[in-house]
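Same order as they appear, the protein sequences are chains U and H.
Residue numbering for the first sequence follows the numbering used here, beginning at 1 and increasing consecutively.
Residue numbering for the second sequence follows the numbering used here, beginning at 1 and increasing consecutively.
Treat the hints with caution; some may be incorrect.
Claimed, not checked - Stretch-level coverage of chain H by chain U, calculated; a stretch enters the list once three of its residues show a Cβ under 8 Å from a Cβ in chain U:
(1) 18–26
(2) 43–54
(3) 117–130
(4) 158–166
Keep in mind the hints are simulated off the structure, nothing from the lab.
Here the structure is a predicted model, which is why all the values come from computation and not from measurement.
Using N, Cα and C, we set each Cβ at its ideal position, and we do this for glycine too.
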Amino acid sequence: MRTLKDYITSLLTEGCREDGRSLLEYRPITIEVNPIPKANGSARVKIGATEVLVGVKLDVGEPFPDTPDSGVLIVNAELIPLASPEFEPGPPKEEAIELARIVDRTIRESGMIDLEKLCIKKKEKVWMVFVDIYPLNDEGNLFDAGVLGAIVALRNAKMPKYDKKEEVVLHKELTTEKLPLQATPILNTFCKLNGVLFVDATTRERKASECRLSIATKANGHICAMQKGEFGSFTADEILRLVDLAIEKGKELRQLIK
Amino acid sequence: MTKVGQPPKLIVRGKRLDGRAPDQLRPIKIKAGVVPNAAGSAELSIGDTHVIVAVYGPREVVPRHLARPDRVYLECIYDMTTFSTSDRNRPGPSRRSREISKVTAEALGPAIFLEHYPKTELDVYIEVINASAGTRTAAITASAVALADAGIEMRDLVCSIAAGKIDGQLVLDLFEPEDNFGQADLPISIMPRTGEITLLQMDGDLTKEELKKLLAMNQKACQEIYKKQKAALKEKYEVKK
Numbered sequence: 001m002r003t004l005k006d007y008i009t010s011l012l013t014e015g016c017r018e019d020g021r022s023l024l025e026y027r028p029i030t031i032e033v034n035p036i037p038k039a040n041g042s043a044r045v046k047i048g049a050t051e052v053l054v055g056v057k058l059d060v061g062e063p064f065p066d067t068p069d070s071g072v073l074i075v076n077a078e079l080i081p082l083a084s085p086e087f088e089p090g091p092p093k094e095e096a097i098e099l100a101r102i103v104d105r106t107i108r109e110s111g112m113i114d115l116e117k118l119c120i121k122k123k124e125k126v127w128m129v130f131v132d133i134y135p136l137n138d139e140g141n142l143f144d145a146g147v148l149g150a151i152v153a154l155r156n157a158k159m160p161k162y163d164k165k166e167e168v169v170l171h172k173e174l175t176t177e178k179l180p181l182q183a184t185p186i187l188n189t190f191c192k193l194n195g196v197l198f199v200d201a202t203t204r205e206r207k208a209s210e211c212r213l214s215i216a217t218k219a220n221g222h223i224c225a226m227q228k229g230e231f232g233s234f235t236a237d238e239i240l241r242l243v244d245l246a247i248e249k250g251k252e253l254r255q256l257i258k
Numbered sequence: 001m002t003k004v005g006q007p008p009k010l011i012v013r014g015k016r017l018d019g020r021a022p023d024q025l026r027p028i029k030i031k032a033g034v035v036p037n038a039a040g041s042a043e044l045s046i047g048d049t050h051v052i053v054a055v056y057g058p059r060e061v062v063p064r065h066l067a068r069p070d071r072v073y074l075e076c077i078y079d080m081t082t083f084s085t086s087d088r089n090r091p092g093p094s095r096r097s098r099e100i101s102k103v104t105a106e107a108l109g110p111a112i113f114l115e116h117y118p119k120t121e122l123d124v125y126i127e128v129i130n131a132s133a134g135t136r137t138a139a140i141t142a143s144a145v146a147l148a149d150a151g152i153e154m155r156d157l158v159c160s161i162a163a164g165k166i167d168g169q170l171v172l173d174l175f176e177p178e179d180n181f182g183q184a185d186l187p188i189s190i191m192p193r194t195g196e197i198t199l200l201q202m203d204g205d206l207t208k209e210e211l212k213k214l215l216a217m218n219q220k221a222c223q224e225i226y227k228k229q230k231a232a233l234k235e236k237y238e239v240k241k
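Kindly generate the complete structure, drawing on both the sequences and the hints.
So this is what it looks like as structure tokens:
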């Protein structure tokens, strides 16, 4: 019997994909900036039929004891059952946690947010940056879409007013002030099937694949985070080749962000 | 008693704070078929309130003991994104969202031929992505479109809107300050062909006369919403030349 895996493998071996793309081509990407008036910053990103909504909320809270003069970044992902027949209601499962942690590390390790500038009063009051990722339709590659959405939402976020006397945040009054940002990381996720490497897998391609590698790069070409997933393995040569590709694809995607 | 942030007046020279007449709806946009993975879906915005609904099924019931031998198990889940409200909303269900999920299922159920899909489950997933009053009514209106888009056999669509009382005056479709500082709120849903009411909630203070007027106001507005629902479905399914 010919399985889905056989079919996708034979296509990839010939350098083809189900949707007619080449191996290293992304599906069309569209980005809508700040669609959510109640969020401080937001983005609705489509990569082909995959769609995610990312919102940024800013609040004031206590810093962590080990970083008393640093703001706090919290990334959360909700795989709501609206987005896929495979998502179930209930508390976040492994998949949602991995998505949130990959986006978190990409942002954190790139130094995108200058967290020290988010300190209001050492040991007591700092800005908390909440990044929440909601897929609206999962057709594969939520990682790259999630990072892209988070980056755009953070870049377009406006700080709410903070009343220093009363020590309260006035959530309904937005200022024109933006977050202190200093880098633009991009995440590129590659999959491997039968020795063939390709980017931006659809759900069917992901299911057929042996493993995936996500690589986050900065504008200067440095890598800031990586994560391998699934049960297959990569050779060192493959990894180095993917790093080159990530730098190249990172440049491509970074151009979509103004 | 004045609450924090309360404007001195909600109606100024016969106009509401957003410039609407008392019986005027906020601008409504409905689009059918926005979630490709779902059997049916819809996106609706009314003013700044914005919801997305996806319908999955009829499909296998999980867990199995919930299966009904004579009809479909209808599950509605109303959820709000963390960034849909001014203060960040904690993810996951709350007492409020559970109640809304329940009344939503009960508002939609009467319009669905539940008995046509025995031993299966039908899921209606509602996500409020921006909340600015009237989210449950927006959710029900959008859910009806999503169900129709999914090809579920229905007696009718379901249209939903709220009316209420502010500064002693009866008004349609409360927006945020009116919802927060008004005197009464009456969300209802109807099946527009017969006018039968499938959702009714009320809080505040109303006389019987006022209630009668608000119901009439809601019924009339629902007919307007019904037209938008049909237009959204036609937009998706009509053969374009």
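Structure-based check of each hint:
1. Interface restraint, the region 18–26 of chain H with chain U: violated (0 residues with C-beta to C-beta distance below 8 Å; minimum three).
2. Coverage of the region 43–54 of chain H by chain U holds [criterion: at least 3 residues with CB-CB distance below 8 Å; count 5].
3. Given a C-beta distance limit of less than 8 Å, the hint that chain U covers the region 117–130 of chain H holds, as 6 residues qualify and 3 suffice.
4. Restraint check on the region 158–166 of chain H versus chain U: 0 residues with Cβ-Cβ distances below 8 Å, three needed, restraint violated.
The structure fails to meet hints 1 and 4 from the earlier list, while all remaining hints are met.
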